[in-house]
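With chain C's structure known, arrange chain W on it following the hints.
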Amino acid sequence: MMSAMTDLFRPLPGAYPEMQAADGSIRNHWQPMLRQLENYGAADIDERWKRAQRMIRENGVTYNVYEDEKGSSHPWMLDPVPLMLDPGEWDELSAGLVQRTQVLNLALADLYSEQNLLKTNVLPSELLYANPGFLRPCCQIRPPGGHYLTLHAVDLARTPSGKWNVVKDLTQTPPGAGYALENRLMMSRTFPTMYRECHVERLAPFFITLRNTLENLASGKANPHIVVLTPGSHSSSYFEQAYIARYLGYPLVVGNDLTVRGNEVFLKTLSGLRKVDVILRRQADSLCDPLELAGDSLLGIPGLLQAAVDGKVAIANALGSGLAETPALLPFFPSLCRNLTGEEPRLNTLPTLWCGQEKECQQVLGQLDRWVIKRAFTHNRETPVFVRSLAPADRAALAERIKAEPDQFIAQESVALSSSPCWQNTQLVPRNTMLRVFIVAAGTGWKVMAGGLVRTSPQADSPMVSMESGGGSKDAWLPARGAVEQVSLLPPDESAIKPLRSDANLSSRVADNLFWLGRYVQRADMNARLLRTILRRLTEEGQPYAAPELAELIRTLLLITDSPAAPHQPVTDPIRQSSDTRTLIFSMIFDRTRPGNLHNALISACKIGSTVRERISIDTWRILDRMNGELNSAPSGGDLPEALDMLDRLLMPLAAFSGLSSESMTHGYGWRFMDMGFRIERAVMSALILQEMLTKTPQLDTPVLDAILEVAHSSMTYRSRYQSHVAPLPLLDLLLCDDSNPRSIAYQLEMISQHACALSALTGREELPEQTLATELVQRIKHCDLKSLVQTNGKGLRVQLNRLLAEVIERVQEISNLITHRYLAHVDTTSQLASAVGSDSWSEAEDAE
Amino acid sequence: MIYHLRHLTSFRYSQPVTFVYNTLHLKPCELPWQRVNSFRLDIEPEPVVLTERIDYFGNRATFFMIQTPHTAMKVLTQSVIEVLPRTPPAQSSVPWESARQAMRADTTAAGLDAYQYSFASPFALPQKEARAYALPVCRQAMSIHAVAAGLMTRIHTDFTFDPKATTVATPVAEVLQNRRGVCQDFAHLMISCLRSLGLSARYMSGYIQTTPPPGQPRLAGADASHAWVAVYCPQAGWLELDPTNNKPADEQYITLGYGRDYQDVSPAKGVLLGGGQHTVHAQVDMIPESEIIQAQQQQ
Chain C
1 MMSAMTDLFR
11 PLPGAYPEMQ
21 AADGSIRNHW
31 QPMLRQLENY
41 GAADIDERWK
51 RAQRMIRENG
61 VTYNVYEDEK
71 GSSHPWMLDP
81 VPLMLDPGEW
91 DELSAGLVQR
101 TQVLNLALAD
111 LYSEQNLLKT
121 NVLPSELLYA
131 NPGFLRPCCQ
141 IRPPGGHYLT
151 LHAVDLARTP
161 SGKWNVVKDL
171 TQTPPGAGYA
181 LENRLMMSRT
191 FPTMYRECHV
201 ERLAPFFITL
211 RNTLENLASG
221 KANPHIVVLT
231 PGSHSSSYFE
241 QAYIARYLGY
251 PLVVGNDLTV
261 RGNEVFLKTL
271 SGLRKVDVIL
281 RRQADSLCDP
291 LELAGDSLLG
301 IPGLLQAAVD
311 GKVAIANALG
321 SGLAETPALL
331 PFFPSLCRNL
341 TGEEPRLNTL
351 PTLWCGQEKE
361 CQQVLGQLDR
371 WVIKRAFTHN
381 RETPVFVRSL
391 APADRAALAE
401 RIKAEPDQFI
411 AQESVALSSS
421 PCWQNTQLVP
431 RNTMLRVFIV
441 AAGTGWKVMA
451 GGLVRTSPQA
461 DSPMVSMESG
471 GGSKDAWLPA
481 RGAVEQVSLL
491 PPDESAIKPL
501 RSDANLSSRV
511 ADNLFWLGRY
521 VQRADMNARL
531 LRTILRRLTE
541 EGQPYAAPEL
551 AELIRTLLLI
561 TDSPAAPHQP
571 VTDPIRQSSD
581 TRTLIFSMIF
591 DRTRPGNLHN
601 ALISACKIGS
611 TVRERISIDT
621 WRILDRMNGE
631 LNSAPSGGDL
641 PEALDMLDRL
651 LMPLAAFSGL
661 SSESMTHGYG
671 WRFMDMGFRI
681 ERAVMSALIL
691 QEMLTKTPQL
701 DTPVLDAILE
711 VAHSSMTYRS
721 RYQSHVAPLP
731 LLDLLLCDDS
741 NPRSIAYQLE
751 MISQHACALS
761 ALTGREELPE
771 QTLATELVQR
781 IKHCDLKSLV
791 QTNGKGLRVQ
801 LNRLLAEVIE
811 RVQEISNLIT
821 HRYLAHVDTT
831 SQLASAVGSD
841 SWSEAEDAE
Chain W
1 MIYHLRHLTS
11 FRYSQPVTFV
21 YNTLHLKPCE
31 LPWQRVNSFR
41 LDIEPEPVVL
51 TERIDYFGNR
61 ATFFMIQTPH
71 TAMKVLTQSV
81 IEVLPRTPPA
91 QSSVPWESAR
101 QAMRADTTAA
111 GLDAYQYSFA
121 SPFALPQKEA
131 RAYALPVCRQ
141 AMSIHAVAAG
151 LMTRIHTDFT
161 FDPKATTVAT
171 PVAEVLQNRR
181 GVCQDFAHLM
191 ISCLRSLGLS
201 ARYMSGYIQT
211 TPPPGQPRLA
221 GADASHAWVA
231 VYCPQAGWLE
241 LDPTNNKPAD
251 EQYITLGYGR
261 DYQDVSPAKG
271 VLLGGGQHTV
281 HAQVDMIPES
291 EIIQAQQQQ
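Quick mapping for you: the protein sequence lines, in order, are chains C and W.
Here this note's numbering is used: position 3 in the first sequence is 3, and no number is missing along the way.
Here this note's numbering is used: position 249 in the second sequence is 249, and no number is missing along the way.
Everything labelled a hint here was simulated from the structure, so no lab data went into it.
Hints should not be assumed to be uniformly reliable.
Quick list of the computed label-pair ranges, beta carbon to beta carbon [as the list claims (entries may be wrong)]:
1. W/Ala72 with C/Arg649: 55 to 65 Å
2. W/Gly150 with C/Ser389: 48 to 58 Å
3. W/Thr107 with C/Gly311: 23 to 33 Å
4. C/Gln363 with W/Ser143: 31 to 41 Å
5. W/Asn37 with C/Gln362: 50 to 60 Å
Glycine residues also receive a C-beta, built at the ideal position from the N, C-alpha and C atoms.
For reference, chain C alone in the conformation it holds in the complex:
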């Protein structure tokens, strides 16, 4: 039926073709989508796709790869051609998935209590006893409603016969639902017509069910407090965790944000401790409670297990659920199913053998190249071994490893994955395909997400599909049979929501991060302005290196970056050593290892930004991303004009950041902390610059004063006010005392004072010491005697000005410390405690009673 686009397409040989039937015709459930794709045309698809890719990058959709040395994160690769799911086969598939979740849930309930499955020989007991995923302390937990699994994800592969087969279960912290949602959002935005015309089932009902289920876990408590627990921004799917948290409207927290008091769990917020009722966790079992679950790790929340045992907090999925995803359980699924439900399994499991069984092990070793070898007990990062692609020597070595520790391996049949069309260079190309589907607990049963996350192989001949190995992803579209249910996560009756103005429930960690985000962005801004002022002088025509103020500017730069004036660096007279100067400037811009410099400040800002991503707007995040982009756009070994150009471009997003934050962030406590950080940094930096450039030389020449104005971004204001050459006194008025100039020190102090006052509402106390300090400092600056400040002493130094600025720096830092201590104090360090056996009663005689 189709034209050029599908005519040229050939599915992968030997694989089940998702799009075509045996006779080469296009399957019915693909036709409407392909028609729409055809309507767009190759050029339009490409253009839309480039836009989407840019959006993905800017939105920071990433998949972090742990082992990546650069610690970088890969942008999410999304393909514009969705995988079409056949509504005719979907019902049976969903029924099979629901059955599977039910069976695994029952298996968990049994293995963590009676262990009848072992007593009746349904499972070999080795599967439990040799299994690091079996967490004995979790036997004490009885999850509410018997729900071990609130979420379950299943990786499916379609074999050449056309049957879906289970390759893997994910039951601990099933990842991917958020990526599926993000894919859907991206597709519906990029191809709105196609999306509309295809009448695709929505994903929202799945998340609504998840939300209802989580709320019900709080055992009847109205308005339960639910949080999403993440291992942190280094986690491979941190983006997704933040995304889901934002979508569901729950705070995203790390272990340190939570604390167990009594036997209840609390979130540490700015306004104090707030009880947590339900935790949707993305943190692995073994990292949840250092007291009970981890051998020697200190990560997690001590006492969490006890709180769960006492039923004071519900955790989804229940602690210990990771047991159900043990790869070695796969071959036993059919007998588990029959034994626990009395039913035959409705969904195939890909033929899998556990080598811990003698006969099975022989079978695997007898025909090794038929199999894909995986670890039996953990989904660790060790990639599956496709025996067929191994060299003979490696094959023999593998056989030896299996013989030495047979129970540590499983063998899965190596099958050709189905082939689906992907978009590449304006045409469709075939790729191996796997589908991850999601099941969520709903009342006493389970519901399947109407869609899923599709992953494809990077090349046509690659048997691997995974984001780690650089494959791509797709949206999965299930055409609706009736009218598409219009749902959204907003409650039906919006008047039922109480207006809430305060963000006093902000976690202390987030507030702390916002504070430092403000400081680092401002540090980058000051660095960039100073560097630009320097570079302008270095690149001027005529006599570069001869500008008289250059030496002072460079000295100031070293000072604000807190760089030691190392002997080989041209501190006193940089002009003479032009190439050294160049090297120094470049390292001040680009050397990421240099603390306090531009690159370092930007990296820190982005890092912190990524940890509070759910708290800052997408636009703000884009700006942070752009800053980094600009910095990386200039070659670090390039020439000075290039660097100057880059700084000019970089200052735009830096300026946009403060504009956006004051205009589009609600001015709650979170914003106040960020702006406070911003102001504190600017006040200190400005004072340092003035101190360095104004107090140490008797004669203040115009070029020096001009440079100061340039750094302070106040040249225009000065010229419009005074229309004359620059003089020290009016300059000082503008940069120090004028609280109408947003770059002046007085203005920063005024803002700090306001913030300190507003924050004091959190404590219920009045006149906190930081407020007093700030108010006094504002008065001191506003009423200072400028004439005496510009006067020099016998040695040509401006002692009074120096003293005043030193006082500003000291006081502001004191305010910063007071604020940090009062609201943001980091948790004490955790350590482990153990009593020794047998030896220490002889060791010391102290403490004898």
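Chain W only, in chain C's frame:
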């Protein structure tokens, strides 16, 4: 034999501790040959939460939490325990080579419970080195009794008791190399060896009574927490052996609990916030009632 047991563990910190979460295994268990006539637990500062539960292995575990800032913590247990003579399990007819097979086939609750102790645990991994060390004492078709007793004696002979040589975290492989350690190390080594032979072995935690040298008075706090080993003989039961003293456990031993290794039953395991550096000091008095009565009569 009736004992009056007093076990004081004192923790001192260089900086204030704001929170303590702790799990104790300090309450002696009830056994056919062991009765707990009285028991009390005192913790200072006072915990906000104190709950007792039976853990996975059947031991009595106490969870507690302190929220009062402090620089010293004391955990004191005082109990009166009666230990009766016990009959060691009969010689099992199953030789050591077929023990694993026999245990695997037994899927009764007791059989499963015993079988799980034949698997590796973090502190007692059945390594190649352990097997190599254990094999010389095993002869073909030897009884599990004989293998375990031979191994106990071998460890007792080869190893030097040296409290300075190891810490709670010293791995078995290192102990095996240096041939020095304390009761806990010898127990872990022996467990690793037994498991490497396919046998089930438990880590036993408790106390042992010490006898002062003849003519000398008992020193306060001179007794100690102790660790020894139990090995499973299919169809017969658990045989308790002490490689530190080269003898089976008897009336001189008070049992607190057992697990796969130290980690499952450590007397006090905790996580604390703050504290800086800390020192732990334990003091155990395990005095036979007869001595107390004697002392009272002399007064």
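Verification of the supplied hints:
1. A hinted range of 55 to 65 Å for the beta carbons of W/Ala72 and C/Arg649 is consistent with their spacing of about 60 Å.
2. Between W/Gly150 and C/Ser389 the CB atoms are about 49 Å apart, so this pair conforms to the stated range of 48 to 58 Å.
3. Hint check: W/Thr107 to C/Gly311, Cβ distance near 32 Å, so the stated range 23 to 33 Å holds.
4. In this structure the hint that C/Gln363 and W/Ser143 lie 31 to 41 Å apart at CB holds, the actual value being about 36 Å.
5. The hint said 50 to 60 Å for the Cβ distance between W/Asn37 and C/Gln362, and at roughly 57 Å that hint holds.
In this structure, none of the earlier numbered hints is contradicted; all agree with it.
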